[in-house]
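A.B. asks: What follows is each chain in one-letter form.
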Amino acid sequence: MSNDPTVFIVDDDDEVREAIGLLMDSVGLAAETFDSAWAYLNCFDPKRPGCLVLDVRMRHMSGLELQERLTEEPLHPPIIIITGHGDVPMAVRAVKNGAVDFIEKPFNDQALLDAVHRALELDQEQRGKALEVAQVQDRLERLTKREREVLEQILAGKRNKVIAADLGISQSTVEAHRAKVMEKLEARSLSELMRMVLLVYPDRATNAAEN
Amino acid sequence: MPALSLILLLSLLPTALPAQGADSTASAADGQREVRIGVLSHGGDAHTRDHWAPTADYLTLQVPGHRFSVVPLDFDAVEPAVALLQMPADSTAARAGGYSDWTVPLDYQSVQKLLREEHRAPYDEEARFTLLDALAQYWLAVLAGVVALLAMVLLTSRVLQLNHRLSRANTRLERRHQLILDSVAEGIYGVDLNGCTTFVNKAMEGMSGWRAEELIGNETHEIIHHTRADGEPHPKDDCPVYATFRDEQPRFVDEDVFWRRDGSSFPVEYSATPIRDEQGTTIGTVVVCRDITERREAADRFRRQEAEQAHFMRLSTLGEMASGIAHELNQPLTAISTNARACVRMIDAERATVATCLEVMTKIADQAERAGEVIRHIRRFVRKEEPEMAPVAVADIFETVLVLMREDARRAGVLLHRQVGFGADCVMAQRTQIEQVLLNLVRNALEAMSEQLRERRVLLLARRNGDVVEMRIVDTGPGLGKGSPEHLFEPFVTTKPQGLGVGLSISHGIIDAHGGRLRVDSTPGIGATFFFSLPHVDDCGGPQDAANSLHTGGSETDYAGERA
Chain E
1 MSNDPTVFIV
11 DDDDEVREAI
21 GLLMDSVGLA
31 AETFDSAWAY
41 LNCFDPKRPG
51 CLVLDVRMRH
61 MSGLELQERL
71 TEEPLHPPII
81 IITGHGDVPM
91 AVRAVKNGAV
101 DFIEKPFNDQ
111 ALLDAVHRAL
121 ELDQEQRGKA
131 LEVAQVQDRL
141 ERLTKREREV
151 LEQILAGKRN
161 KVIAADLGIS
171 QSTVEAHRAK
181 VMEKLEARSL
191 SELMRMVLLV
201 YPDRATNAAE
211 N
Chain F
1001 MPALSLILLL
1011 SLLPTALPAQ
1021 GADSTASAAD
1031 GQREVRIGVL
1041 SHGGDAHTRD
1051 HWAPTADYLT
1061 LQVPGHRFSV
1071 VPLDFDAVEP
1081 AVALLQMPAD
1091 STAARAGGYS
1101 DWTVPLDYQS
1111 VQKLLREEHR
1121 APYDEEARFT
1131 LLDALAQYWL
1141 AVLAGVVALL
1151 AMVLLTSRVL
1161 QLNHRLSRAN
1171 TRLERRHQLI
1181 LDSVAEGIYG
1191 VDLNGCTTFV
1201 NKAMEGMSGW
1211 RAEELIGNET
1221 HEIIHHTRAD
1231 GEPHPKDDCP
1241 VYATFRDEQP
1251 RFVDEDVFWR
1261 RDGSSFPVEY
1271 SATPIRDEQG
1281 TTIGTVVVCR
1291 DITERREAAD
1301 RFRRQEAEQA
1311 HFMRLSTLGE
1321 MASGIAHELN
1331 QPLTAISTNA
1341 RACVRMIDAE
1351 RATVATCLEV
1361 MTKIADQAER
1371 AGEVIRHIRR
1381 FVRKEEPEMA
1391 PVAVADIFET
1401 VLVLMREDAR
1411 RAGVLLHRQV
1421 GFGADCVMAQ
1431 RTQIEQVLLN
1441 LVRNALEAMS
1451 EQLRERRVLL
1461 LARRNGDVVE
1471 MRIVDTGPGL
1481 GKGSPEHLFE
1491 PFVTTKPQGL
1501 GVGLSISHGI
1511 IDAHGGRLRV
1521 DSTPGIGATF
1531 FFSLPHVDDC
1541 GGPQDAANSL
1551 HTGGSETDYA
1561 GERA
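In order, the protein sequences belong to chains E and F. Numbering follows this note's numbering, in which position 50 of the first sequence is assigned residue number 50; successive positions increment by one, without gaps. Offset between the second sequence (1-based) and this note's numbering: plus 1000.
It cannot be assumed that every hint is accurate.
Below, a sample of chain F positions facing chain E; criterion: calculated Cβ distance under 7 Å [what the hints assert, rightly or not]:
#	residue
1	Thr1156
2	Leu1333
3	Thr1334
4	Ser1337
5	Arg1345
6	Ala1371
Chain E regions said to be covered by chain F (calculated; three or more residues, Cβ under 8 Å) [what the hints assert, rightly or not]:
#	stretch
7	14–23
8	53–61
Hint data in this document are derived by calculation from the structure and do not stem from the laboratory. As the structure is a prediction and not an experimental result, all values here were calculated from the model. Heads up, the beta-carbon is just placed ideally off N, CA and C, and yes, glycines get one too.
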């Protein structure tokens, strides 16, 4: 069950919430409804795949506040904002903060379903990517200190000879470390190695470009 | 003494008197002359002779050479005697009779008088008694009379003159009074204790169309005051004008109607004051009245303008709340369309059961009704209606306010409560205006609390207090700043950066028009309470709508978000 994606619906209007639940049900999507942001946060499980359909205007904690809370989490379902008239500037803010879509009430059912499907794909993608990141991080953990240093130099785009001179070791030792790094990270080529590291440290890309 | 003794003294000098009936045998034998005195006798000859004998004797003694004797004379003998006396001396008869030298002693009053009456000589030529004689005889009396008459005439003319002057002064005074009365713009008339008109001024004639002479002397009440404004007859026992002379208390009536000659009526206000005479006894009532048609019209115009303004303000309020209201409509519409689509999809996928479909249809219908309810409230709120007071259910008013404010309250994170106390169900009010006031006040409260972390609540409360229902709008905001309360209700006074400062002033005006007063009670840091009173009525005239029957007499908390 936990591997099937779920559409989490948070809206404090009973009727709207249940109607959206019914709509999801009608296309065979599992849906769970919450009448407040707090109720959702209480049940929040980052491991559960799915997407979040979130109303902006709610008492106590608005959709935007909930969104801000969730972005602090490493992994959270993609957020679709549903909004009434007059909340558009707020919805735009929500999208800027990372919401995948915003839909104005009353909405076209197809539009919402499309958005939900897109969000679920994104979630799947995100979850796949997150899995990969976790693996790469796991592998990076296995590198020795020297191997890390060599990796840094490689990422900086230096050749073996330069690395050897910089670290004060022989060129053959550099090559041995390099081979070990490739082996531990399970990278078949330099480009694959680069992609893996960038996945974990996205900021490295700029460093590399600078050098 | 004989009752009537007319004495005729006949002096026969020297001849004897041969009078009829008298002794004519005069003898001069003793050389004495005989004088016979004829006396008219009434009591008989003997009596006359006896009575006059002493006189004759006395005369005989006193007059030497003469002998006096009394000859009683018949009354009938007088005429011939007188005739004899009047004979001229030289007439044959006189000479033959020797009467020619007879004389009549003219100093004898009675004789004179008799002669005069008989018109005998020497009075035979004399005219009858004339005015001149009377004048001559009574001139003093006449003079006195004339003088007295003159004095009386003078006095009378003086009195008449004074009287005339007095009456002229009186007339002048009356005219001056009338002039003063007529120069007054108010209609003035007086009635006596019988209720009859005693005087009427020009203004009264002008405004009523009745001529003074048509009113004076007639019962005023039956002419100008017979019917009330609502067409009901106005019995004269209830007439305040008549009551005034009965209980002798001055009174003021600010709303009544008088009737014109042409059968139309006009609104008046009047004062009735008892009239007292010098002794302090009430003798009637004086009424000073004013035609208030124009004032009434001006007030109507003002009320209409106010209503226009209130309508404009309602529209503007609604405009400001548009987004909240749109949301309030969006919610049910979203639920309706989503439910319907979901149902269609389920039917398409042949996954729909009849039970599910029924459930969804019911939900759709409910939501459509919910949307309709919102629209109904909005429409009634913006409807342009005549500013007329009518019995209204308090719960109904609260419902509209809650429907229109729910979304705004939700956004502001404010809990809206309402409570209608026992016996506070119905008020006499102009519904939309009171809704406008409540909306204004609730919106103010929401705004005041928007920044605060403390609990945000607004309570709409209706409480019975005697014959009024007290409406209170209680918030848990920061309260009012110092110095603002007294100016709060003036126009263009605002504490908000974007405020125009007309909301509270208009609210104040509306409550004023309802005969109440909008007041505020504030404790800084605790909250503010705005309150006002509306007249209570027992019956709202049947359930006006669903809200009435649902919430009357109850208390309810609307967790602003329960539906949204």
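A.B. asks: Each hint: holds or not?
C.D. replies: Status of the hints after comparison with the structure:
1. Thr1156: violated (106 Å)
2. Leu1333: Cβ of Leu1333/F sits 4 Å from chain E, so the hint holds.
3. Thr1334: holds (4 Å)
4. Ser1337: OK, holds: Ser1337/F within 7 Å of chain E, min 5 Å.
5. Arg1345: Status holds, d = 4 Å.
6. Ala1371: violated (10 Å)
7. 14–23: holds (count 8)
8. 53–61: Contact hint for the stretch 53–61 of chain E vs chain F: holds, 4 residues under 8 Å.
The structure is inconsistent with the numbered hints 1 and 6, although it conforms to all the rest.
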